[in-house]
Amino acid sequence: MSERQEVRKTYKLLINGAFPRSESGRSYEVTSKKGTFLANVAQGSRKDVRDAVVAARSAQAKWWAQSAYNRGQVIYRLAEMAESRRDELAEHVALAEGRSAKDAQTRVSRSIDRIVWYAGWTDKIAQVLGSSNPVAGPFFNFSVPVPSGVVGVVAAQDSSLEGFVNAVFAPIAVGNTVVVIASELRPTPSILLGEMTATADFPAGVLNIVTGYTGEIAPTLAAHEDVDGLDLGGVANGFADELATSAAASIKRVLRAHEYDATSLRGLRAFVETSTVWHTIGQ
Amino acid sequence: MSTAPLRLVTSDERSVQLPSRTRLPVVESEAQLRALLASLSGVDAVGAEARAAKLATRSLKKSTKLAALDLAISMVDLTTLEGADTPGRITSLCVKAIRPDPRDANVPSVAAVCVYPDLVAHARSVLGSSRVKVAAVATAFPSGRAMLNVKLLDVREAVAAGADEIDMVIDRGAFLSGRVGQVLDEILAVKEVCGSTHLKVILETGELMTYDNVRRASWIAMLGGADFIKTSTGKVTVSSTLPAALVMLEAVRDFAETTGQLVGVKVAGGIRSAKDALRYLVVVNETVGAAWLTPDRFRFGASSLLNDLLMQRLKQRRGAYVRPDEFSGD
Amino acid sequence: MSEDLTHSPLGSLAYDPAPESASIAHLRASYGLFIDGEFTDPVAHEQFTSLNPANEEPLASVAQASSADVDRAVVAARRAYDNVWSKTTGAERSKYLFRIARLIQERSRELAVVETLDNGKPIRESRDVDIPLAAAHFFYYAGWADKLDFAGFGPNPQPLGVAGQIIPWNFPLLMAAWKLAPALAAGNTCVLKPAETTPLSALVLAEILQQADLPPGVVNIVTGDGSTGAALVDHPGVDKIAFTGSTEVGRMIQQRVASSHKHLTLELGGKGANIVFEDAPVDEMIEGIIDGIFFNQGHVCCAGSRLLVQESVADEVLRRLLRRVDQLRVGDPLDKNTDVGAINSAPQLARIKELTAYGEAEGATRYTSSCALPDKGYWFAPTVFADVAQSHRIAREEIFGPVLSVLTFRTPEEAVAKANNSNYGLACGVWSEKGSRTLWVAERLRAGVIWANTYNRFDPTSPFGGVRESGFGREGGRHGLEAYLNV
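Chains as they are written, first to last, in the numbering used here: chain R, 1 to 283; chain W, 1 to 330; chain A, 1 to 487.
Looking at chain R on its own, in the form it has when it is part of the complex (with noise of 0.2 Å):
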């Protein structure tokens, strides 16, 4: 009787709720932290950042739409989806950052957690970064934080999961939709997540996922005028210089490398814009 032999898998890009091959039709290697041979990955183009940057774009007006209390559903409903896959990405984990089958648990927990940490945050940023503004003069006076729009995100490299998790669902958590370069030696975890998006109620577009070279496609996704944010954490400095200085041309908001905790709303409020409103008082 012959062995049977396994169905093995294509990973590909996550562009506006569908998971196509690199326009390009090139892909890449992508070997465990060990060497051995993990999976060939779609090697994303510039043109598939610019697809990106397009679902990314038509999709935030109605992102940001919804109700705060209905994008939090959404973003736990993938904190379900992830719990029950939880094994695999753990086991994508071990092999990607070559940690142990327990460390590896630890850091899916850890991100599982975060993502409902996230979830909880669409309807309370609001809370906490708007205020009521006693203006001297018959005007009500607010002012609330909205998103800045399309965010970029160059993922870190070696967190393949963590990493991931926070710099994409702090700008998505309040409102913006976002295009990230997946980690470039490392990216099936993150693919995963993204695969589960599909079956958390993500409305096409917020999420799109680009794999492949970061050297040659973040420079696109930095240039790019059509980007609001820039996200440069998985980005070593040298280069994110010649990022961040790509990005001033159109004037964006830049994030460079952090350190993500449960104390800081960096990640929160990295890609937000104050908008104030004044309305007159009078009989």
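Hint data in this document are derived by calculation from the structure and do not stem from the laboratory. Using N, Cα and C, we set each Cβ at its ideal position, and we do this for glycine too. Any given hint might turn out to be false.
[Stated by the list, open to error] As a list, the in silico DSSO-like pairs of lysine-lysine whose alpha-carbon atoms are at most 27 Å apart:
id	chain 1	residue 1	chain 2	residue 2
1	A	87	R	102
2	A	376	W	61
3	A	353	A	376
4	A	336	W	65
5	A	87	W	54
6	A	87	W	62
7	R	9	R	62
8	W	61	A	336
9	R	62	W	235
[Unchecked claim] Covered by chain R, per the in silico footprint, the following chain A stretches (three or more residues, Cβ under 8 Å):
id	region
10	89-101
11	133-142
12	429-438
Using the hints, position chains W and A against chain R.
This is chains W and A only, laid out in the frame that chain R set:
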């Protein structure tokens, strides 16, 4: 303590009350028209949508549902408005309009077939002596972008070809740029050409954008002599919606209470399921009441809706869901 | 137009009954007290019956908790606080609350039917308002449990300990959610006392807490009458009392805890003014008045029970209002098309009848819906009093029923003065298309909540609560956490 009898709300008080004599407001200048429109109450969009959504939760069961399905069938303007329409297709449509379910003579005929003007004569000949009316879209439907004399000729030819009803479009461009007098004049001109032919005035609510505009346009159309006001052409992205229809029905109610004239409402575009149709009937029932629950004052402009109404009707009788192929495609 | 047509009756398409099935409720014959994670018999083995107010038939037998039972519950809550809950991180508390929210969603239909059977409210409301809002409340506060540092009360805010929570019968499950969700998120343990006439949905919630694996003792539910509530208020092991109910009982509670260390929040009665200016969006305003007073049979502390109409439009508003009132479908609460259900209890019905009789005696003009009322059960037809004066009892006292008093005013100043001429200060409505005037009025109204061009809106993110004799403390929003934090 006194025990005075309860003063119950009377049957008149619970109805839409009409004055005994017709009295139209005097509108002899654009300024007067503007003043009249400005005097109309605003529509709070949140409240209007909430009201429509609440009415949409009404649950029609058993005999109510059967009666409502038959009523809805009798209110359909069975419509085909495609460049590819052929006399053969119109023939098929007319046969179906007269007898929607060939196996069940108890199913009422629909109210009308609705076609482009060049197919009116053919439809008229197929319908013969049946009570099904022929409605023609005219006035450079659906955009309304033509010279007035062209629009009037369009109407005149359709009437001459035997149309019982004309579905005209208002000049949305003029309305949105504030030339309300022009909109009214055009409707009056079309009405004059129509004579005794019934006039339905399409507001294209999806292009008017605000409910305030829907209410004002409704009044302009009614002042212009519309027998019906109609939501949409079905040719733009946003067609009939329940809240827009609610606002129009409120306008019709207020117009009736002010003038004594009862204007009908036609909803068109995007109404494909029996469930949708019944929701509209509920809104009619609870906004304007019995006098409008007739094909003389409420219509559905639709094509695929009829088959779903027939399917639901059959389902209610058979107790099982039926195949779409039970009924003809056209 | 046909010549004889002088009116068009509304609602002539008579809707056949469309009842939700009562069997969906899956009620047990008898319920014990939910203490330390389990249903237990009361020490004295006393039970009472919860009735369906729509037909006066018994629904289930419910335990009457004595002070000994309350003591067991408080001890369990204290133990759970000391040993488990105070050591549970915010992130873990958060996930328990999310779980509870999800379970409420999953059992929403059952909960809606239970609520309607026990309370008498229309199934449309329990299905579309009470239950979804209860779930939303748990969702919202779930998200706060791991974010308390950001809530604006300084770093590392601490819980109070054991919270005793007494809730009313008008929104049984929703009020349980309003009490439990913020308390648990902030890290407290709870002893909840549902209303005597509506204990059942809280007991289904107890089952849900079991399904959610909430540690035993974190939430305890003791059913009973006023004596149970009094035992909870008086128990020395309780750190916090949160009460929603009548001003009369609230006053008594405040007196009883006045000389103790106990923290207190009160959400009490109201006599909400719904102020209508002549430029109001008329159709939506009429709906808003209807929602304001007939939602939940008017059993709403923030009900818009006083309608203040600008004199220039008063006749027109009254005419349209009466037409709409008469359209309300009163009857079987389980019928999906019912707008107004049963009065919750015989004593409440007696109180409504007493106060409305005063309305007539004092000279107001009474209009009553011509709707037919069922023979059995507790029913009161929607009622509007016109020509009401500020001094009338029906303009001053909370009726807590489907009864609206209509008064008029001429200027914004006068509207504000009349609206504020009340010992209560819970909620008001303002209807106008003119934003600056709405804000001018809102600024001057002495009320905890002001709705503009809407009424009876609730959201977990929005603080709710009153001033003056409507109580103090807020539920909902970031502010709602304050009631359960030692800050």
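Checked hints:
1. A/87 - R/102: holds, 24 Å
2. A/376 - W/61: Cα-Cα ~25 Å, so holds.
3. A/353 - A/376: With a Cα-Cα distance of about 17 Å, the restraint between residue 353 of chain A and residue 376 of chain A holds, given a limit of 27 Å.
4. A/336 - W/65: Roughly 14 Å separates the two Cα atoms, so the pair holds.
5. A/87 - W/54: The given pair, whose Cα atoms are some 46 Å apart, is violated under the 27 Å limit.
6. A/87 - W/62: violated, 57 Å
7. R/9 - R/62: violated, 32 Å
8. W/61 - A/336: Status holds; Cα separation ~10 Å.
9. R/62 - W/235: Holds. Residue 62 of chain R to residue 235 of chain W sits at ~24 Å (cutoff 27 Å).
10. 89-101: holds (count 4)
11. 133-142: holds (count 4)
12. 429-438: holds (count 3)
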